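**Student:** Working from the sequences, and respecting the hints, build out all of it.
The lines below spell out each chain.
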Amino acid sequence: MRSIIRRNLPTYFVALLIILCLNFTLPRMMPGDPLMAIYGEEALVAMTPELRTFLLRSFALDKPMWEQFVAYLYQMSRGNLGFSYYHNAPTLEVILGRLPWTILLIGSALILSTTFGVFLGIESGWRRGKPLDRSLLSGFMALTGFPDFFLGMVFLLVFGVSLALFPLSGSVTPYSGLSGLPLLFDMLRHLMLPVSSLTLTVLREPYILSARAKGLPERVICYRHAGRNSLLPVVTRTGIWLARIITGTLFIEVIFSYPGLGTLTYQALLARDYAVLQGILLVVATVVLLANFSLDLLYARIDPRVRHAH
Amino acid sequence: MRDRSHIHSAICLAILLFFLLPQSIAWTKPLTYTIADTTGDWGYPSPYRRYPRGPGYLRMSFIFDTLTWKNGAGEVVPALAERWEYLGSENAYVFQLNRNAQWHDGAPFTAEDVAFTVQYIRKYPMAWIDPKIIGKALTLGPHTVKFVLSERYAPFLTNIAGTMPIIPRHIWKGVTDPRRFGGEKALVGTGPFRLLDYNKAQGTYLYEANDDYYGGRPKADRIKFIKVSAEMAAAALKRGLVDAASIPPDLAEDMKRADFRVIRAPYGWHLKLVMNHREPPLDVKAFRQALAYAIDRKGLVEITQRGHAMVGNPGFVPPDSPWSNPRVKPYELDLDRARRLLRKLGYEIRDGRLSRDGTSLKLEMLSQPRFKEVGLFLKEQLERLGVETDLRSLEAKTLDSKVLHWRFQLAISGHGGLYEPSFLKRAILEEGFNSVRYWTNRELTQLVMDQLRQMDPAKRKEIVFLLGS
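Read top to bottom, the protein sequences are chains A and B. When we follow the working numbering, the leftmost residue of the first sequence carries the number 1, and every step to the right adds one. When we follow the working numbering, the leftmost residue of the second sequence carries the number 1, and every step to the right adds one.
No lab work stands behind these hints, which were simulated from the structure alone. All values reported here derive from a predicted model rather than from experimental measurement. One or more hints might be untrue.
Unchecked claim - Heads up, simulated EDC-like pairs for lysine to aspartate or glutamate below, C-alpha to C-alpha not over 20 Å straight-line:
1) B:Lys185 to B:Glu208
2) B:Lys200 to A:Glu93
3) B:Lys285 to B:Asp334
4) B:Lys132 to B:Asp334
5) B:Lys224 to A:Asp186
6) B:Lys459 to B:Glu208
**Tutor:** Here you go:
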């Protein structure tokens, strides 16, 4: 395990550094006031001369580029992702307020898609060529061919508007006075449609991978061994699905008015709140890198060939 | 003898329940009015932390009053000031304040608070308020305040007295960082509501009525703002999740049939075809007029907006504004007149295209994705005239940047804020992508500045009418 960490960690560190460089370079390449490029147009509206001087000094914007980069890395290391003038709050504070909801959404979708995908895939693979296998395969191919936002809109119209079974927006019922278990059920009700939409868009992957597992004659043994065999590519590809889910989250959150990073990104795009956009890029990139690194370690744990090779 | 104690107990219990139950049943939930909002979060509703947008100001205005306000007809009405008087000789306003007003924490509201607010804003600038207009803020008594203006400023009652939220001196005198000031004390105002809760992530606000409000207790016990997307607003209304919501105009009839009261909002947003008057051929007035005569504005509204808009007019004052000059003739569709104007400028039609000196006339028109239909309609209109038009769709801020730096010929752009003529200075003379920055007509420039300084409303209206013509 240590050798895997020693081998992979520098790669991830380099990836993070590249992202930091991109995050640093892009707004400074834009024409016009660098403060506007970094803080957005709201900054010019709200900024006093004293504040302007303070911000210029914080990010060394009046200094050579290399000094700016050092100042930028220093501020990043202190958790200072800048200030959002649109939200009138530190960027990190704005992002952290939304992050838990997105983690809840993504985590639920990832767990559900992996669990159901693997289970259905194994069942289908065991019945290869039979009606269940064919119908499941066709169903998933058809369903996951639709874009994320389309499924989300259909679910919202059918289950939210027409059948009025689920809420139309948000992650909780505002000011309902609920707490404890009723609050949890309320959150689950709000989560149902967004998670379902997001889950279905990535369900195909674990399903197909596990359906390809080659089994042994005995069903129980087959299930155990096929399940274990199919787990390896599923784990490998989870990092890719994670990125897919994150991008899908943007559309799903906007459709369901879900208060996560996706909605925040959309608002920041409209408002040209560059500080928040850069902060989200950094946070999401870091999360994806961490997740992939964790999956590398997990993969080494479950595949003895990888463990022994190192 | 039978033991009747259990009967006695039952009777006592029944009597007890008889008195207790009606009270518990009679308890009613507060009357809560729920309003849907598509954005949700408009900032912490204190004067310095709300987002500098209309809805952000509105959230704050439930808590903090101004000296004057506007009624539904757009007329200036008393708020914290009961009455006022303009002293022309001194260029000053004297406000008599409402003696019944008090702060939410029970402290009395006085003229000191008003004078303090002006001084505070001078030190800590507040969005939308230009304190330089007020030369001096003097307290003439506990409930009398005098503003001596630094210059004549006609929209003072709306743009300053009706916009500046008054903050309590006893709380804010020690606040040196207003943009970070939060907590219960930051939200002590004189307004009809107090804030109970604000959730930034969820984009929700909960207000409760101020029982001691000087203007009378609000009808709703509570007001709640929740986030609902524009597409779901109608469904949320029908499901009873919200009591009020903005809906697309196409759904108005459907909602009326469902027994909802539909209120038509004013036409508060202005869509313009912006012309780069600094660059040929658009630097020639007759050429611009020719394009104006070529556009079927009624068709534009019927086809691209499905009738849910008002036909525009030349100038910036909306046709339904009391400041709009009814005698000004609009540019009616007249292709012949348009072509005559262009022929006088040396253009001739060849193969359906206008050209001059052997060069075809071609213009580039910038648009945004949300105005796609408008762009296509205008392109078709101009090409019918004979002007080959290259329509380019750009993201909104990119388009604004091109307009700001004069890197365009024609652009479809728009903005709001048109119901007080003070906007004319911003829209005609000031720098910014929403301004035409037209300074070559000295008479126009003079009229724009004169209407700002004319304190007599009737005379001011005459100037604005002249501007419109």
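**Student:** Report the numbers of all earlier hints that the structure fails to satisfy, in ascending order.
**Tutor:** 4 and 6
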